[in-house]
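Novice: Chain residues, written in single-letter form:
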Amino acid sequence: AQSVTQPDIHITVSEGASLELRCNYSYGATPYLFWYVQSPGQGLQLLLKYFSGDTLVQGIKGFEAEFKRSQSSFNLRKPSVHWSDAAEYFCAVGAPFSGGYNKLIFGAGTRLAVHP
Amino acid sequence: NAGVTQTPKFQVLKTGQSMTLQCAQDMNHNSMYWYRQDPGMGLRLIYYSASEGTTDKGEVPNGYNVSRLNKREFSLRLESAAPSQTSVYFCASSRSAGDIQYFGAGTRLSVL
Chain H
1 AQSVTQPDIH ITVSEGASLE LRCNYSYGAT PYLFWYVQSP GQGLQLLLKY FSGDTLVQGI
61 KGFEAEFKRS QSSFNLRKPS VHWSDAAEYF CAVGAPFSGG YNKLIFGAGT RLAVHP
Chain C
1 NAGVTQTPKF QVLKTGQSMT LQCAQDMNHN SMYWYRQDPG MGLRLIYYSA SEGTTDKGEV
61 PNGYNVSRLN KREFSLRLES AAPSQTSVYF CASSRSAGDI QYFGAGTRLS VL
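In the order they appear, the protein sequences are chains H and C. Going by our numbering, the first sequence runs without a break in its numbering and finishes at 116. Going by our numbering, the second sequence runs without a break in its numbering and finishes at 112.
In short, the hints are calculated from the structure, not lab data. What you are looking at is a predicted structure, and each value in this text was computed from that prediction instead of being measured. Do not take every clue at face value.
As the list claims (entries may be wrong) - Calculated cross-link-like contacts (lysine to any residue; reagent style SDA-like; alpha-carbon spacing at most 20 Å):
{"hint": "1", "chain 1": "H", "residue 1": "Lys49", "chain 2": "C", "residue 2": "Gly42"}
{"hint": "2", "chain 1": "H", "residue 1": "Lys49", "chain 2": "C", "residue 2": "Lys14"}
{"hint": "3", "chain 1": "C", "residue 1": "Lys9", "chain 2": "H", "residue 2": "Gly41"}
{"hint": "4", "chain 1": "H", "residue 1": "Lys49", "chain 2": "C", "residue 2": "Asp99"}
{"hint": "5", "chain 1": "C", "residue 1": "Lys14", "chain 2": "C", "residue 2": "Ala82"}
{"hint": "6", "chain 1": "H", "residue 1": "Lys61", "chain 2": "C", "residue 2": "Tyr102"}
{"hint": "7", "chain 1": "H", "residue 1": "Lys68", "chain 2": "H", "residue 2": "Pro40"}
{"hint": "8", "chain 1": "C", "residue 1": "Lys57", "chain 2": "H", "residue 2": "Ser3"}
{"hint": "9", "chain 1": "H", "residue 1": "Lys49", "chain 2": "C", "residue 2": "Arg95"}
{"hint": "10", "chain 1": "C", "residue 1": "Lys9", "chain 2": "H", "residue 2": "Gln45"}
{"hint": "11", "chain 1": "H", "residue 1": "Lys49", "chain 2": "C", "residue 2": "Gly98"}
{"hint": "12", "chain 1": "H", "residue 1": "Lys49", "chain 2": "C", "residue 2": "Ser96"}
{"hint": "13", "chain 1": "C", "residue 1": "Lys9", "chain 2": "H", "residue 2": "Gly43"}
{"hint": "14", "chain 1": "C", "residue 1": "Lys14", "chain 2": "C", "residue 2": "Tyr64"}
{"hint": "15", "chain 1": "C", "residue 1": "Lys57", "chain 2": "H", "residue 2": "Ala1"}
{"hint": "16", "chain 1": "C", "residue 1": "Lys9", "chain 2": "H", "residue 2": "Ala1"}
As the list claims (entries may be wrong) - Which stretches of chain C does chain H cover? Using the computed rule of at least three CB atoms under 8 Å from a CB of chain H, they are:
{"hint": "17", "segment": "60 to 74"}
{"hint": "18", "segment": "97 to 110"}
C-beta atoms are modelled at their ideal positions from N, C-alpha and C, and glycine is treated no differently.
Given these sequences and hints, build the entire structure.
Specialist: See below:
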C-alpha cells in the first residue's frame, strides 16, 4: 500500500540557518509528489510539486525539493530560514484510488519552530 | 479571489446532534474533496466528488454523507455526531481528479 513517512515530528532551527525536512514514500510507480505548508489556523498551501522531468524542483518562498528515486525520498530544503517559515509541513504522494482518480496520501507532518 | 471557502470556522456539537459543513469554490474546478486532520495522522480523505453529479467514498467515510449541490458547492453532513468525529475538516478542490488540490481554511469541530 502507498504510504508517506515524515520521520521528524518537530524540528527547531535558528533564523538564518539552513533547513531540510525529510520525506520518504512507498509507491510502486513514479509518483506525483507534493509539499504543502500549513500556518497556524490556516488551510494548506502548495509549496511545490513534482510530476516528472527535472528532479530538483523550485517552489514558492525560496523552497526547493529533490526527488531521489533510488532512495524513495522527496526532501524539502531551504538555504536560509525566516521566522515566518514557522509552520507545519506536509509531504504528500498522489496515487491511483478509483475511477481514474489520484488521491493524495499525506505524511503525518513536521512542525517547524524558528528561533530568533 | 476567494478560492475555497468553508463555513463555519468553528463548531461545538453534543453527541447525537447533526450538522452540515459547507464548502464552495470559485475556481470553476471539477473535483472537490473532504478531509479530516487529526494530530499525528496527516489528512485523511473522507469523500470526494470527481465531477458534478458524482460522489465516492474515501478512506474514512463512516458516519458522514456528502452532497455535490452544483459545480461550486460540496457539503459534508454528520447525521449523528460522535466524539470520535472531533477533528479539523478541510475541503479542497482541483481542476480535475489527480490535479493539484487547493484547500480551504478548515472547520474546527468539537463533539462533546
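Novice: Starting from lysine 14(C), check that the Cα of tyrosine 64(C) is at most 20 Å away, please.
Specialist: holds (16 Å)
Novice: Can you confirm whether the C-alpha distance between lysine 68(H) and proline 40(H) stays at or below 20 Å?
Specialist: violated (30 Å)
Novice: Would you check chain H against the segment 60 to 74 of chain C, counting CB to CB pairs closer than 8 Å, and say if three or more residues qualify?
Specialist: Since 0 is below three, the answer is violated.
Novice: Regarding the pair lysine 49(H) and aspartate 99(C), is the alpha-carbon distance no greater than 20 Å?
Specialist: Roughly 11 Å separates the two Cα atoms, so the pair holds.
Novice: Do the alpha carbons of lysine 49(H) and glycine 42(C) lie within 20 Å of each other, as the hint requires?
Specialist: With Cα atoms ~18 Å apart, lysine 49(H) and glycine 42(C) stay inside 20 Å; holds.
Novice: Is it true that the CA of lysine 49(H) sits at most 20 Å from the CA of arginine 95(C)?
Specialist: Given that 20 Å is the threshold and the Cα spacing comes to 15 Å, the pair holds.
Novice: For the pair supplied as a hint, lysine 9(C) and glycine 43(H), confirm whether the alpha-carbon distance does not exceed 20 Å.
Specialist: holds (11 Å)
Novice: Would the pair lysine 14(C) and alanine 82(C) pass a check requiring their Cα atoms to be no farther apart than 20 Å?
Specialist: With a Cα-Cα distance of about 8 Å, the restraint between lysine 14(C) and alanine 82(C) holds, given a limit of 20 Å.
Novice: Taking 20 Å as the top limit, are the C-alpha atoms of lysine 61(H) and tyrosine 102(C) close enough?
Specialist: holds (17 Å)
Novice: Are the Cα atoms of lysine 49(H) and glycine 98(C) separated by 20 Å or less?
Specialist: holds (12 Å)
Novice: Is lysine 49(H) close enough to lysine 14(C), meaning Cα to Cα at most 20 Å?
Specialist: violated (40 Å)
Novice: Quickly compare the C-alpha distance for lysine 57(C) and alanine 1(H) to 20 Å and report which way the hint goes.
Specialist: Roughly 18 Å between the alpha carbons, so the hint for lysine 57(C) and alanine 1(H) holds.
Hints 2, 7, 16, 17 from the list above are not met by this structure, while the remaining hints are.
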